[in-house]
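Construct all of the structure, not just a fragment, from the sequences and the given hints.
The chain contents come next:
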Amino acid sequence: MVSTVVGSPVIASVPSGLGAAWMLAKREWIRFFRQRNRVISAVVQPLLFWLLFGTGLQGSFTGAGEQNFMEYFLPGTIALIVLFTAIFATISVIEDRREGFMQSVLVAPVGRWPVLFGKVLGGSAIAWVQAVIFLGLVYLFGAASISWSIFAVLALLAVIAIAMCSLGMIVAWPMDSTQGFHAIMMLGLMPMWLLSGTFFPVPPLGEGASVGQMILGGIMRANPLTYPMVELRRLLYPSVDFAASGFAPNAAICWSVAIVFMLATTAIAWSLMRGSRRADLVT
Amino acid sequence: MITRPADSSNNASIVCDDVHHRYGDREALRGVNLSIRPGEIFALLGPNGSGKTTLFRLLCTLVPIQRGRIEVAGLNVASNTLDVRGRIGIVFQSPSLDKKLTVDENIACQAALYGLSGAALTARRDEVLRQMKLTDRRGDFCEKLSGGLKRRVELAKGMLHQPTVMLLDEPSTGLDPSARLDLWQSLRAMADQGITVVLTTHLLEEADKADRVAIMFEGQVIADGTPQSLRAEMGDGLITIESADLDAVEKILHDEMGLETQRASNQVRIRCAGAPAWVPKIADRLGDSVHSISVGRPGLEDVFIAKTGYHFD
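Protein chains in written order, with the numbering used here: chain A, 1 to 283; chain B, 1 to 313.
Warning: the hint list may mix true and false statements.
[Claimed, not checked] Facing chain B, a subset of chain A residues (Cβ under 7 Å, in silico):
id : residue
1  : Met23
2  : Arg34
3  : Phe101
4  : Gln103
5  : Val107
6  : Ala108
7  : Pro109
8  : Val110
[To be verified] Distance condition first, Cα-Cα at most 25 Å in a straight line; then the derived DSS-like pairs of lysine-lysine:
id : chain 1 : residue 1 : chain 2 : residue 2
9  : A       : Lys26     : B       : Lys99
10 : B       : Lys144    : A       : Lys26
11 : A       : Lys26     : B       : Lys100
12 : B       : Lys307    : B       : Lys251
13 : B       : Lys100    : B       : Lys133
14 : B       : Lys133    : B       : Lys99
15 : B       : Lys99     : B       : Lys144
16 : B       : Lys133    : B       : Lys209
17 : B       : Lys251    : B       : Lys281
[As the list claims (entries may be wrong)] So these bits of chain A aren't anywhere near chain B, every CB distance computed over 10 Å:
id : residue
18 : Pro174
19 : Arg221
20 : Asn223
21 : Val257
22 : Leu272
23 : Arg274
Keep in mind that the hints were calculated from the coordinates and are not lab data.
Note that the Cβ used here is the ideal one computed from N, Cα and C, for glycine as well.
Next comes the structure, spelled out in structure tokens:
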């Protein structure tokens with residue numbers, strides 16, 4: 001007989017994974033705020049964009065309700081903050097894998113869903129807080145007026161943040177280099193942001209539209225990010241009637257598209273992570 | 001108290017039964033059979049590409065089993081993957097620490113992954129940090145630690161959930177001699193507590209320190225046993241001859257002197273009893289045609305060469 005001093009393991013044989021998901025989310029948070037350059041680049045760059053484009057294009061742009069470009073571009077800037085932060089949060093999955101941290105997570109007895117939840121919840125919480133801080137500054141300097149719709153804005157920002165982080169995971173999970181991620185970011189994620197009505201209004205499709213406008217208008221209507229952007233704009237400027245002057249589907253459609261987009265990206269990210277074992281190995 | 005079983009096929013800590021593995025066309029493992037006993041330090045020794053890392057990945061559940069059966073702590077790895085994971089502690093070759101976190105935070109992360117929290121975590125953390133002599137470094141960021149200290153944090157992470165089996169992939173890579181010594185003291189302490197320690201290595205002198213060694217080559221275990229028993233198989237003396245014309249040397253030794261010879265790249269090797277006595281005779285007979293004749297006690301490298309005909313590198 002063998003008698004050893006090894007006791008029964010101190011853990012429940014298979015832990016639930018909730019604690020692990022929470023810890024991984026917390027880790028994202030800690031890492032983010034320990035890397036100052038990430039904090040700065042995620043806020044300062046969109047802020048610069050907003051000030052530069054907003055000021056530069058002020059004279060040559062008039063939107064619905066006599067909006068100037070600074071006002072028009074505000075929802076887009078917030079979306080950009082969310083997009084950047086989400087991207088940098090999920091890109092870290094590639095580093096985690098290369099540095100070996102991911103390997104130790106993948107052999108833990110909790111399965112892989114905490115990895116996805118940790119990254120997405122941690123990343124989107126960071127993105128959300130950054131967007132809220134920016135929004136606070138905007139209100140503070142009186143660039144927009146605050147109203148009750150702010151609560152809906154906060155909820156919508158959370159939905160967008162989760163969708164963007166899940167989208168980031170879809171891109172990052174199968175990748176083995178950050179260079180590859182940057183390529184996808186420039187070719188896929190930035191155009192998606194540009195073509196969601198953030199930078200210029202969605203062109204009309206009715207009679208008199210040119211071929212270019214038809215194509216662009218079609219693409220922008222097919223872009224799922226367009227819908228939450230329409231809603232975000234409406235919530236930030238409740239007094240402006242956007243439906244009178246262009247593409248503005250009603251709130252129910254916008255919220256539905258946003259939520260379906262969030263659920264779909266998360267589901268795809270999950271199926272990718274469950275399916276691919278190739279990406280597990282550090283080579 | 002630990003009593004080591006004489007024969008352990010029934011209560012082995014790890015059993016590999018006809019394990020095969022391929023990456024595409026390349027066959028990395030070709031029928032591995034092993035039985036590892038509780039509380040022993042077991043070294044998987046092999047050159048690069050011998051399949052030891054693949055076997056390691058299978059043991060630590062990182063790669064699904066394709067063919068064959070592996071049991072860890074009495075559980076089938078293929079069907080009880082998560083249960084097995086709770087019972088093994090793993091130290092990968094590539095460091096798994098988050099460099100931006102402190103030692104304490106890294107351990108807390110590991111604890112969460114293994115479902116350890118609250119008072120149990122605090123107690124266990126203090127204990128492993130003390131065992132690994134890390135108590136005064138617990139607040140340090142991991143990126144500031146030396147290679148030896150990092151490896152100790154890795155060991156602390158691996159031991160945190162009190163695994164019955166520790167798996168380590170090339171644990172002494174990148175460590176200086178004193179850190180290696182520390183590492184082995186820690187491994188020995190774990191084995192003394194009854195933990196089964198399995199490590200891969202391509203360093204012969206390291207495998208020599210293990211209780212038992214399995215030598216791997218081209219996806220198979222070509223020899224296993226204690227380092228002493230493996231060396232004993234080689235006889236007590238080994239003569240190595242280097243020459244420009246090995247064919248002629250071999251012919252003379254074999255045909256005229258009646259010695260069993262073996263070729264290994266640029267050497268002819270002879271295993272025989274009373275080796276030292278043969279040296280002057282061989283030197284006389286071969287004369288100037290040899291560059292060198294040496295005699296020594298066989299080591300694990302000689303076991304490898306005897307079994308494969310290749311040098312170990």
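Pair hint A:Lys26 and B:Lys99, alpha-carbon separation not exceeding 25 Å
holds, 15 Å
Does the closest beta carbon of chain B sit nearer than 7 Å to the beta carbon of A:Val107?
holds, 5 Å
Given hint B:Lys251 paired with B:Lys307 - CA-CA distance at most 25 Å:
The hint holds at about 21 Å.
Under 7 Å, Cβ to Cβ, is where A:Arg34 needs to be relative to chain B, so tell me if that hint holds or is violated.
holds, 5 Å
Hint check: B:Lys144 vs A:Lys26, CA-CA at most 25 Å. Holds or violated?
holds, 22 Å
Verify the proposed pairing of A:Lys26 with B:Lys100, using a straight-line Cα cut of 25 Å.
holds, 13 Å
Would A:Leu272 pass as off the interface with chain B, using Cβ distances and a cut of 10 Å?
Holds: least Cβ distance 17 Å, greater than 10 Å.
Hinted pair B:Lys100 and B:Lys133, Cα distance within 25 Å:
Within the cut-off at roughly 21 Å; holds.
Interface hint check: A:Gln103, Cβ to nearest Cβ on chain B, cutoff 7 Å. Holds or violated?
For A:Gln103, the interface hint holds, since the closest Cβ of chain B sits about 5 Å away, which is under 7 Å.
Minimum beta-carbon distance criterion (7 Å), A:Pro109 to chain B:
Holds. Min distance 4 Å.
Go through the hint on A:Ala108 and say holds or violated, using the shortest Cβ distance to chain B against 7 Å.
Constraint on A:Ala108 satisfied, holds at 4 Å.
Assess, step by step, whether the Cα of B:Lys251 is no farther than 25 Å from the Cα of B:Lys281, and give holds or violated.
With Cα atoms ~15 Å apart, B:Lys251 and B:Lys281 stay inside 25 Å; holds.
Checked against the numbered hints above, the structure violates none of them.
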